[in-house]
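Sequence lines, in order, name chains A, B, C and D. Residue 17 in this note's numbering is what sits at position 17 of the first sequence, and the numbering runs on without skipping anything. Residue 537 in this note's numbering is what sits at position 413 of the second sequence, and the numbering runs on without skipping anything. Residue 647 in this note's numbering is what sits at position 31 of the third sequence, and the numbering runs on without skipping anything. Residue 1369 in this note's numbering is what sits at position 265 of the fourth sequence, and the numbering runs on without skipping anything.
Just so you know, the hints here were simulated from the structure itself, not pulled from any lab data. Be careful, since some hints might not be right.
[Unchecked claim] With a straight-line cut-off of 20 Å between C-alpha atoms, the simulated EDC-like cross-links for lysine to aspartate or glutamate are:
hint, chain 1, residue 1, chain 2, residue 2
1, D, 1474, A, 120
2, A, 32, A, 112
3, B, 202, B, 127
4, D, 1412, A, 122
[As the list claims (entries may be wrong)] Pulled a few chain B residues facing chain C out of the computed Cβ check, cut under 10 Å:
hint, residue
5, 523
6, 540
7, 551
8, 565
Glycine included, every Cβ here is placed at the ideal spot set by N, Cα and C.
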Amino acid sequence: MNHLETNFYEAVSVILFGIGFMNLLLQNNLIKKFIGLNIMDTAIYLFLAAQGYIFGRVAPILTDGVIDASYYINPVPAGLVLTGIVVSVSITAFSLALVQRLYKHYGSLNMDEIMRLSREEEGE
Amino acid sequence: MNEFATILPVIFPIIAGAALLPVKFRNRKQREFWVLTITILNTIFALYAVYFADAGVVTIFHFSEKLSLTFHIDGLSKVFATMVSVLWVITTVYAFEYMTHEGREDQFFAFFTMTYGVVLGVAFSGNFLTMYLFYEFLTLATLPLVMHAMDNKARHAGKTYILYMMFGAALAFIGFIFIYCYGDSIEFIYGGVLIPELIKGHERTLQVVFLVAFFGFGVKAAILPFYRWLPKASVAPTPVTALLHAVAVVKAGVFAIIRLIYFSFGTEYLMGTWVQNVILIAAAITIVFGSTLALRTPHIKRRFAYSTISNLSYIIFGAALMTPAGLTAGLLHMIYHALIKITLFFTAGAILYKTHREYLYEVEGFGRLMPITFISMALTGASLAGVPPFAGFHSKWALATAAVQSSNQVAYLGIVALIISAVLTALYIFYIVVRAYFPRKREYAAGYYDHVSDPNCYMTVPLIMLTVITILIGLFPSELLVVLEKVATGIM
Amino acid sequence: MTGDSILLLPVLLPLFAGIGIWFLKEEKQRNFIVFITIAVELALIFYVSAKGGTLTVWHVTSRLSFAYHIDGIAKYFAVIIGLIWLLAAIFSMEYMKHEHKPRRFFMFYVMSLSALISLCFSANMMTMYFSYELMTLLTFPLVIHTQEPQAVRAGMKYLGYSIFGAGLGLLGFFFLNTYCVTTEFAPGGTLNMALTEGNEPLLLFVFFFMAVGFGCKAGMFPLHAWLPTAHPVAPSPASAVLSGIITKGGVICIIRVTFYLFGADFIRGSWAQTALLVLSLSTIFMGSMLAYKEKLLKKRLAYSTVSQVSYVLFGLLLLHPVGFAGALLQVAFHAAAKNILFLSAGAIIYKKGCTLVTELRGIGKEMPVVMWCFTIASLSLIGIPPAGGFVSKWVLAQGALSSQFGVLAVVGISILMLSALLTAGYLLAIVTDAFFPGNSYDYAAMEKREPNYFMTVPLTILAVAVVFFGVFPKYLGNFIDTISGVIF
Amino acid sequence: MEHINWIHNIPFFSIFLAMLGGIITALINNGKIAYKIHMAIIFLICIMSGILLVDVAAKNEIFTFMMGHFPAPWGNELRAGPLEALMAVTFSVVMLLTVGGGANFVFKDVVPEKQHLYFIMLNALFGAMLALIYTNDIFTAYVFIEINTIASCALIMAKGTPQSMVGTTHYLIISLLGSGLFLLGVSILYGITGHLLFPQMKEAIVELIKTEQYHMPLLVVTGFIFIGIAIKSALFPFHSMLPGAYGSATPTSSGILSGLVLKSYIILGIKLIYCVFSAQVMESLRITDILFAFGLSGMVMGSVYAMKERTMKRMLAYSSVAQIGYIYMGIGMGTRVGVTAACFHILAHAVTKTLLFLCCGSFVEDSGGKEKIYHMRGAALRNPLAGIGYTLGALSMIGIPLLAGFISKVYFATASVYSPGKMAAVLIVLGVSMVLNALYFLPSVIAIWTPAKEALNSPSPSVSPAFAVSVIGFIALNLILGIYYRPITHIIQISLDLLAQ
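My request is simple: use the sequences and hints to build the entire structure.
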């Protein structure tokens, strides 16, 4: 129990990840799927950020000339998060474009529906 | 020079056949000329390589330390290669006439020629990998021949064929791997190559593996329960059925089994183990089973196919005795059966070619109208049934004597199988002959006997030659036996 | 080829003559040639029998060879076969007039003779087995001669049984090839005692199976079933020689195997002997029983063959000189008698065309000569003096008693008696009906149907022979004693 | 002033070139030129990687290349050894041949104004794959995985047909699940070890195992990462994305995707096994056994699905599933020989499957766009070269001697002998899958060689020289791998030893 208290960031993020994952996996509506994807990613960024933050330290920006590393938090996770955000943005953009085209063609956002239609098309 | 002579008979037909593929011959004469030239040339090459070029072990290429592409003509190769190369010419001549009513001869003869090289490859191969290689090629080269008609029936037969062959190859492959891992080389050395200290503790595994590999090669030799492809494959043109499914392909399977037993695993390792009993029993069962089915099959070619199944297991039985005497007997039967069965198929082919009759109740009373055909059938049939002094008798005699001397109870079982199968053989062969010579009293449809007569010399000459050879070799087997004993004891 | 090549002559002559006969279209001429051939053959047989000798035709392999040689058994059987073959031939010259394809018939008829002679003369297993198979194959066309579907079916049955029997024999040969010193026949057996040591059970099994296998030709239970099917469908002369002579082919083989390969001493007292005796006895009984119930004449005769030939086997398997003598006598007399019976049956079919025993009432009046011969033959088979059958059965009984089988001997004799009664039942019934048709028979419809001399002469000769040797058995007896003297 | 070793710059420059090519291509709006640029770049990279391979194989060394100015614990690194170089060479050669031979499919399938985009994506894809091969930093790996995903999705949907879009969506979603898991695993691992570079992570993990801390999380992490990779590389239970995608994409894309992209993930996996979770750790966490089981089931099931398939491309896709199964089986054996076999099979499958897809594409073309196998009656007779190519490819897949497939089978079987526990399973499944392969490949081969009933009124196919070259090239590669395989396997072995250090 107290484990949870000590690293509740991690716990929350994992729960979030689960939610996102399930959405991505089980939702039929494509838009919701990709929202799930974003939740998933966000959860991980939260996780990383939480990893990176060390209690009682400040962001590694030289304001008052302190160059002692132990004064600052770890910058690398932040870097990772930024990269991750870039990636997820691009993926989201790509998938939304895809969804758009699918909707144009099939007039539906429901994955099963779309599958069915396309199979019918193949059929004839 | 000698190295080259060894490889030539393998390479030449393959290249020549490949070259024939795109060629469109202007007329029949031209094609026959070329094909016959190639075949005869190659037979000369082959016989030269077998009897004059003593090149020993010829390694073409090393894949790795152990794996290499190696040819080596030893006694066994000599026997097999001689048999094949002599019969090939005869069959080719026969095929010229026969194929005129099948069509697409260009393609046929191209693959037919290729197969020649591949079979010799199997015969000459000096290590397990090379044999496996040509074994696979054999399947592929013969597939177009089996499916020659290319109608649905033929294609289906082809698929069955390929499926069974691949299955067999897969099993054989496992055997290969173990020889590769547990042998000190993959060369064929009389007495086996397994390293005792390596196999210590793995005997059980290796025995199982041997069994697996045995049945793997057994597929080509149509041993129970992997026989189904053979009768199906008799949709192929008769020369194919005769040469490949009575001599080349199936005998290649037997040949491989002999290699496996005597030259890879080694008899002293297998002798008296449970696996020996298993394969003896398998052979015995197949012997009886094949003859029984043959007796129950009215379709002449398929009947002969079943008879092949039974007879192949005679050879396997001999080999499975794992004594020199047994191997000698097996080889003797291999040669005899090759001659006999090819003749029988030729007769069936002649009937089919002239009258398009395929079932034995359709040939009643043909005996007098096709004398050469049916006299050959009667004589070789008697020989197959083991009527002394014809050929079949000696091989049976040798087999059974070997079995007795091996003083192995299971082998006695095999002798009983031989006897039963002998009876069935007599019945299924003579039933056709009887039907042909003593037609039952009944009304025959008008035109029943139309153009029923012996085919022309292209077909009859091979028939006569084969029959004569069969009888002669049956009357004077002593010299042959001497040679075979040398082979079987690893001297030659 | 080493030895007196004259031995080859009696074997080859009928073979080539037969092939020659195929080309003789004209009947008289053909009959003449057939007669001459067999007559010459007979002369040759006498000649070589007198001369004796051995001949090795060629060595197939070191151990297998084709070899002939003349000994008592060979002479005995060869002479009987030759004689009867000649007579049956004469008969069939007439009989074949109403059958189709006489050429083919005579061709195979004559060729079969060569197989039989080669069987008698054969000097080792290989030759014997070869002749045995040859005999089967050459007589096969005789069986299916009519080419009726049931004839063909019977023919295949004949082929199957014979080859299977031969196969069992071959099975034995394989073992003997290993366990014998040589595969040449030698009185007293050629077993290699050193090897035999410890393998007796195996070898006894082998012997048992060989005997059963060759017993097939001799119509011994359990492989008898082909005989009643195959014999009747053949033309009568063919059935005559089939069940008179060919069955003896099996007997020869059994003699060779028992006395010349294994040797009587090896078998005497073994379970195999007992088993075979029981088999033969049961065959005797069963044969007579079936014959008694059978209505079709030729089939009835066939069953009677089944029973009668097993007398021979019984005698042989007693493994005792007297039994042996009885067996050989039975061979001769049964051969003669059974031929008479079948030939007369043939004559009846030929003249009157009736095949059922119920149709034979009063036939004795119509063809007296034939039926007299028939009667004598029946008496011989039953075993009533002065006919020969009496002698053989008497000696057999003596043999059974003098051999050391207590119970089995008694049982055997009683079965012989029983079978004799049954025989009387199934043969004398015909005779009485034939001669004493009773009042209901209208003599008006009766007409003389006596066949011509081609048929009557052979019958008469045989009948006379049966009676003669029945009265003076010692001519045969002495000869047989010389044979058994060699063996025992 | 230490002298700079130019060769050590090759990895970076090859990645950089590929990416750069993408950017340049974006500027010019012409498919043909884009194609030429792309080919040029790949060719260049091919040469460079060749040099690299020769060098490292000769020196038998493995070096790291520092990117940016941060040294080891913080900075980002590339790392190149014989294995990496070998893979780079193979990938670029295969890429070269596939794109060269498949270009005409691209120009046929993709609308002209978008063709240059296709080549952008190809460049990006290739760059990403090279990065996956070379990288020494797990987060970089993640990033390039994502790039890989996007690029491959783009390639699939390039055809623009609704089917291809649906296929793409499916592919995208599944692979996003995979990369999500991978990312989670990576970040937790980072949380545990505090490192992103492989060597440091390895030390940390070894330490953890010794002190038996974080056993559970470590297991979970490894699970996440490898399941992620498994999903990406379409290991059996996660294969559902392949058929739709490959079936609908243009042959070139299908070839590259199944031949190379899947493999790039697997190579990453192998590197992770050796450089991060040392083989012992994998054993102790029983990951290998799971992969092994998946692999086996994949081998069988993939072939079973393929047998049911009537469309040639989809059949090939399922066959890829089976082949991926082979590779994972090799990895799952957990022995050095097993992984060697797996690596060799990566190459063998790469050269074979791409060949098959190309020939299949030309059959489809000749058969008037019909994709079912029975539509392709006589396709081989109309286009013998493709026919021979397809036949050889099929035979290699079945495992006929002298062809690549046979050698990898030999290696797998031999490897099995050295891991007794799994021997029986491996041998049986090998045999079964060989038969199954024969069962679905040979009917198609027979079909294409069977003369067609009605004369098809399609234009008699003109075999473009590029296509001919690439088919012949592939056949040659196949034979080389099947005959002169020794040096290659040798390189693989030594590089695996190097990696394991």
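Once the shortest beta carbon distance from residue 540 of chain B to chain C is found, is it less than 10 Å?
-> Since chain C brings a Cβ to about 7 Å from residue 540 of chain B, closer than 10 Å, the hint holds.
For the pair supplied as a hint, residue 202 of chain B and residue 127 of chain B, confirm whether the alpha-carbon distance does not exceed 20 Å.
-> The hint holds at about 16 Å.
Does residue 565 of chain B pass the interface check with chain C, least Cβ-Cβ distance below 10 Å?
-> Check passed: Cβ of residue 565 of chain B comes within 5 Å of chain C, closer than 10 Å.
Are residue 1412 of chain D and residue 122 of chain A close enough, with their CA atoms no more than 20 Å apart?
-> Roughly 17 Å separates the two Cα atoms, so the pair holds.
May I ask you to test the interface hint for residue 551 of chain B with respect to chain C, counting a Cβ-Cβ separation under 10 Å as satisfied?
-> At about 5 Å, which falls below the 10 Å cut-off, the nearest Cβ of chain C leaves the hint on residue 551 of chain B intact, so it holds.
Given the hint that residue 1474 of chain D pairs with residue 120 of chain A, does the C-alpha gap stay at or below 20 Å?
-> Roughly 16 Å separates the two Cα atoms, so the pair holds.
Identify whether the interface hint at residue 523 of chain B stands, where standing means a beta carbon of chain C within less than 10 Å of its own.
-> holds, 9 Å
Take the C-alpha atoms of residue 32 of chain A and residue 112 of chain A, compute the straight-line distance between them, and say whether it is at most 20 Å.
-> Since the Cα atoms of residue 32 of chain A and residue 112 of chain A sit roughly 14 Å apart, the hinted pair holds (cutoff 20 Å).
Violated hints: none; the structure is consistent with every hint.
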